[in-house]
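There are 2 protein chains.
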Amino acid sequence: MEINIAACQIEVKPGHPDQNFEKIRSRVSEAKKNGDDIVIFPEMAVPGYIIGDEWENSAFINDCMSYNKRIAELSEGLVIVWGSVDADKQKVGEDGRIRKFNTAFTAQNGKIISRVCKTLHPDYREFDDDRHFYSSRKLAQDRGMSVRDYIQPLTVDINGEERKIGVSLCEDMWSDDYSIHPIEILLDNGAEFIINISCSPWTWRKNDKRHRVVRQRLQAQKAPFVYVNNTGVQNNGKNIFLFDGGTTIYNRDGSLRDMCREYRDDVIRTTLFSSRTDVIKRPVLSHERDQEELLSGLIYGLRKFFELIRASKAVIGMSGGVDSSLSSYLVSKALGAENVYGVNMPSEFNSDITKSLARRMAETLRLNYAIVPIQDVYEYSVEQLEQTEFTRLDASGVKKMLELSSVDKENIQSRDRGSRILAGIASALDAVFINNGNKSEVATGYTTLYGDVNGAVAPIADLYKTQVYDLCTYINSVEKKQIFPDELFDIPASAELSAEQDIEKGEGDPFAYEYHDKLLRAFIEWRLDPEDILKGYTDGSLSDTLGMDRNFLSEYFASDSLFVEDLERIWRLYKINYFKRIQAPPIIAVSKRAFGFDLRESQLGVYYTQNYKEMKRKLLGGD
Amino acid sequence: MEINIAACQIEVKPGHPDQNFEKIRSRVSEAKKNGDDIVIFPEMAVPGYIIGDEWENSAFINDCMSYNKRIAELSEGLVIVWGSVDADKQKVGEDGRIRKFNTAFTAQNGKIISRVCKTLHPDYREFDDDRHFYSSRKLAQDRGMSVRDYIQPLTVDINGEERKIGVSLCEDMWSDDYSIHPIEILLDNGAEFIINISCSPWTWRKNDKRHRVVRQRLQAQKAPFVYVNNTGVQNNGKNIFLFDGGTTIYNRDGSLRDMCREYRDDVIRTTLFSSRTDVIKRPVLSHERDQEELLSGLIYGLRKFFELIRASKAVIGMSGGVDSSLSSYLVSKALGAENVYGVNMPSEFNSDITKSLARRMAETLRLNYAIVPIQDVYEYSVEQLEQTEFTRLDASGVKKMLELSSVDKENIQSRDRGSRILAGIASALDAVFINNGNKSEVATGYTTLYGDVNGAVAPIADLYKTQVYDLCTYINSVEKKQIFPDELFDIPASAELSAEQDIEKGEGDPFAYEYHDKLLRAFIEWRLDPEDILKGYTDGSLSDTLGMDRNFLSEYFASDSLFVEDLERIWRLYKINYFKRIQAPPIIAVSKRAFGFDLRESQLGVYYTQNYKEMKRKLLGGD
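Protein chains in written order, with full-length UniProt numbering: chain A, 1 to 623; chain B, 1 to 623.
Mixed in with the good hints, there may be bad ones.
Identical copies look the same in the list; a pair holds intra-copy or inter-copy alike.
To be verified - Only pairs whose alpha carbons sit at most 25 Å apart, straight line, appear in this in silico DMTMM-like list of lysine to aspartate or glutamate: (1) LYS164 to ASP95; (2) LYS23 to GLU614; (3) LYS613 to ASP142; (4) LYS592 to ASP129; (5) LYS89 to ASP560.
The set of hints was computed from the structure by calculation and includes no laboratory data.
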């Protein structure tokens with residue numbers, strides 16, 4: 001017989017079960033009016049999912065459990081499936097605290113009738129399920145049962161008929177790398193259809209990958225599949241994750257039946273086991289679609305993050321370069337131009353070109369704008385520091401004057417902008433200020449701590465410099481007017497902190513971004529080592545591996561030894577400059593690996609493997 | 001028959017297998033000369049343990065595995081047991097990468113004869129074993145075996161006799177909160193003695209706890225127990241963990257036979273199964289012993305951290321307060337006074353008392369010292385900001401002048417010190433500068449981002465303010481001369497950033513540290529919620545729970561409503577100010593829960609449970 005399903009995509013506010021409960025209550029009451037048989041909510045829809053060690057707060061857990069009970073009480077006349085935390089107060093978890101579960105609850109006739117706990121616990125990137133929750137895998141082991149016997153579909157009476165539902169949570173469907181396949185087990189054990197409730201962040205082309213995974217799960221045994229995910233943002237301090245939703249109902253063969261609109265509360269309804277077979281098209285993958293998703297994700301993420309921290313106004317340094325131009329565009333889209341305060345902070349080293357580009361960008365976006373020069377305090381600081389004399393307070397009385405190098409002076413300017421001006425203005429306006437760094441800079445530490453590393457949020461710090469240009473090009477192509485002027489693409493990327501970085505003479509950053517961005521991606525996202533890179537260089541496969549023009553390397557590097565020197569320079573910069581990332585602001589995560597708690601680092605210094613050293617010796621000779 | 005054991009406590013350099021291998025090689029060669037039968041090294045002695053996601057670098061893993069082979073080659077004539085990473089390249093881990101194991105290797109006659117992989121994977125605090133490694137628990141499940149059957153002692157021929165050794169790794173012995181007890185299983189399955197190799201950071205009274213745990217493990221079946229741990233520091237970016245070693249050989253009944261000296265390379269040798277039964281005394285626990293351990297740990301941690309980042313000089317702001325006084329003492333002990341540059345940075349708000357206390361401390365410690373006033377730039381900045389006018393670049397042309405509040409002006413001074421002066425001096429001296437914050441400040445955000453939040457390392461940020469005073473008192477009691485003058489204990493703690501914070505009028509920080517420190521500890525370390533606190537306040541148990549004088553609360557809070565107001569103020573400060581901790585420097589972890597990646601947080605805003613609100617309503621009336 002037919003079953004009427006309502007798949008509810010809701011924004012979950014992590015750490016605020018009261019608000020989440022209210023949203024669930026109102027959706028349940030709509031579902032009742034609509035005559036739905038089963039109404040489904042995402043994983044951890046009550047507490048939120050990425051809440052750090054708040055899971056250790058027992059009062060909070062109890063509070064969530066009391067909301068679970070209140071949700072169950074709403075289930076007169078229909079079945080509710082939702083994700084929340086569950087606890088077994090008689091048992092301890094492996095951290096010695098109350099044993100907790102990441103659970104899919106099912107309620108009917110006012111009572112909780114089933115608690116399915118997650119089997120596969122992701123423990124990579126930002127995921128930490130084993131830190132907080134006990135899996136059904138461990139429960140099976142404790143009872144001396146096989147997982148296959150332990151995982152069973154849930155039997156529910158729907159309209160007088162016994163139905164078997166395969167309830168699963170998020171990772172349970174992404175089982176390719178596991179020795180256990182919960183979806184297949186549920187189907188083998190008699191599930192008529194699958195519900196998967198998730199709290200799954202957006203990543204590049206993940207929706208498309210999910211469609212493929214669902215088809216694969218249903219390969220041996222066909223069955224309808226209902227995937228329910230939340231929207232909103234959740235953060236672990238160092239990263240802000242975007243939840244686009246992507247709630248989807250799949251037909252028996254894994255084809256798409258219906259899908260929620262992204263980044264908003266939405267409900268899709270369907271009648272399972274009816275004779276109708278609706279099929280919607282899978283979105284076609286393209287560079288444009290990727291850019292569109294990226295852009296809407298970044299703007300949504302910024303808006304939601306400001307909501308979260310209860311800020312409405314943003315201050316942003318505008319240098320006239322491409323990074324601050326893109327950032328200010330994103331922020332003005334997220335908050336409205338009236339809430340954005342652009343500041344240009346020239347010193348003697350800033351060119352007329354960039355100063356005028358900054359102003360033009362602020363005009364294009366109709367921002368609030370001010371020019372606050374740093375030259376006076378810069379000069380005063382150089383003088384004050386150069387006149388500072390330390391005296392050893394012992395019998396020797398040794399004296400030491402400070403000497404400032406060119407780099408020391410560059411950093412003084414950056415810190416003056418970040419810590420004196422921007423932080424001062426933000427504080428006076430009761431606003432926060434934006435970090436404009438891109439991923440290439442963050443990776444190589446081509447930034448100044450307490451200078452341009454500062455800010456409350458870093459919207460583009462998960463985009464390499466070349467991706468920044470790409471996104472600007474895309475925005476120009478979809479906006480009615482040209483947002484980013486041609487000059488912005490023509491001037492060299494430069495910090496403009498010294499006479500050596502004079503863009504009017506074509507001098508810019510010490511990077512060939514078209515190569516270095518790809519090298520950095522190989523290090524950061526593909527987790528490759530200099531050994532892998534040097535091997536590729538030696539055997540001629542590197543250009544293909546990185547996706548480079550085959551002539552680039554031989555043209556750019558005049559000799560093997562220059563290639564190796566550059567490789568070691570970049571590896572060293574990436575490794576050593578982690579100390580700056582430790583003190584960097586939250587980054588909106590959009591790549592396969594964002595700096596922060598997604599990619600976990602340690603201050604280790606620089607290391608080269610024995611193989612690397614051997615290959616280098618062979619290539620360059622000597623020892 | 002007798003077995004000669006050498007338990008080698010070595011400093012492990014995380015991420016530098018080459019250096020670790022050399023150390024192991026030299027210890028093995030000593031053991032051979034000494035005629036030892038078995039030489040034992042700590043867990044993860046080759047790669048290090050806390051290395052972030054460097055575990056995902058396959059070239060690094062291969063490099064470690066090649067060192068494993070080279071260690072095995074050293075095992076002619078004796079048995080070597082050591083910890084390292086192992087990989088099964090035919091299988092994937094649950095992150096889709098090469099499957100890796102946290103393994104205890106045993107080698108004999110030039111070959112690896114056994115690989116025991118860790119059974120219990122800690123996943124709390126800084127530990128993340130499931131993120132990177134596959135446990136023997138999962139291996140057992142995959143093979144359809146019980147863990148009890150899977151975990152077996154290793155059989156080795158020693159001096160012509162078959163011996164059964166129970167090899168285990170770290171958490172395998174700390175099984176109280178697990179459903180599996182590997183040590184007991186090994187003994188049940190015939191192990192004659194236990195080896196536990198660990199990479200276990202120092203925490204408060206942990207050695208004593210370990211002695212108790214070993215006794216408990218041996219309760220049902222007696223057997224000698226060899227515990228080998230490393231020294232050094234390892235970090236996860238946000239926290240620096242201290243490894244004191246504590247390598248111990250236990251007799252069959254769990255009494256102590258011998259123990260390495262702390263924080264240094266050391267070897268203890270013993271003959272197992274001999275008629276001799278040496279017993280050494282367990283160190284007696286006391287407040288003095290705790291302070292001594294804390295002090296030596298902090299100094300060791302600072303010294304090793306500076307070694308790690310290859311820095312030898314430190315700049316430190318000296319306000320004349322107790323925090324900067326203690327920090328400068330620790331740093332001068334760690335690096336030598338000649339490498340420490342103290343800087344006093346007065347503005348109009350700094351009292352003569354604190355200025356002279358700063359100088360006296362620098363004299364006592366014989367530091368390099370300079371006074372660098374911030375008054376001029378402070379005044380300039382206030383004026384420059386107050387004269388800044390934003391213009392809306394649209395048809396409206398709306399203008400907005402900045403207005404600075406008293407708090408805005410306080411923060412300008414702090415940022416000027418942290419970002420203009422200290423960062424400028426550190427950069428000119430090729431030094432790093434020290435963060436002087438204590439845990440009470442870090443917890444409540446009573447700090448200025450880009451001001452006193454700055455620095456390369458925070459030595460005392462895991463000590464509450466009252467603990468800072470305690471440690472100073474202890475240092476005074478053990479040093480030949482008085483380091484911290486009486487006035488330091490007498491003046492009120494104050495930021496001295498405004499006329500309202502005038503210590504000469506007795507005005508200081510808005511905290512009653514003797515209560516608020518304990519409240520914060522309850523939140524941070526005991527993971528309690530305002531609900532728990534309010535419950536204790538209501539039923540009269542709070543003073544006992546916190547360990548307070550019973551009269552304090554009633555004397556300090558004139559009414560219930562003032563108590564609740566204060567409770568909510570502190571909870572709110574703690575929760576909201578996480579944004580500052582995101583950008584804070586590495587903290588040396590010494591408590592049960594340090595801010596950083598030990599305690600994982602999320603920007604969530606403030607939440608009160610239903611129970612809390614109900615209790616508050618009952619207590620105060622109203623709704």
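Hints and how they fare:
For a Cα distance limit of 25 Å, the shortest separation of LYS164 from ASP95 qualifies neither inside one copy, at 35 Å, nor across copies, at 31 Å. For the identical chains of this complex, LYS23 and GLU614 are inter-copy neighbours only, at 22 Å across copies versus 61 Å inside a copy, given an alpha-carbon limit of 25 Å. In this assembly of identical chains, LYS613 and ASP142 lie within 25 Å of each other by CA distance neither inside one copy nor across copies; the values are 48 Å within and 39 Å between. For the identical chains of this complex, LYS592 and ASP129 are neighbours both inside a copy (19 Å) and across copies (22 Å), given an alpha-carbon limit of 25 Å.
Proximity of LYS89 to ASP560 under the C-alpha cut-off of 25 Å is found in neither arrangement, the shortest distances being 64 Å within a copy and 32 Å between copies.
This entry does not satisfy hints 1, 3, 5, going by the numbered hints stated previously.
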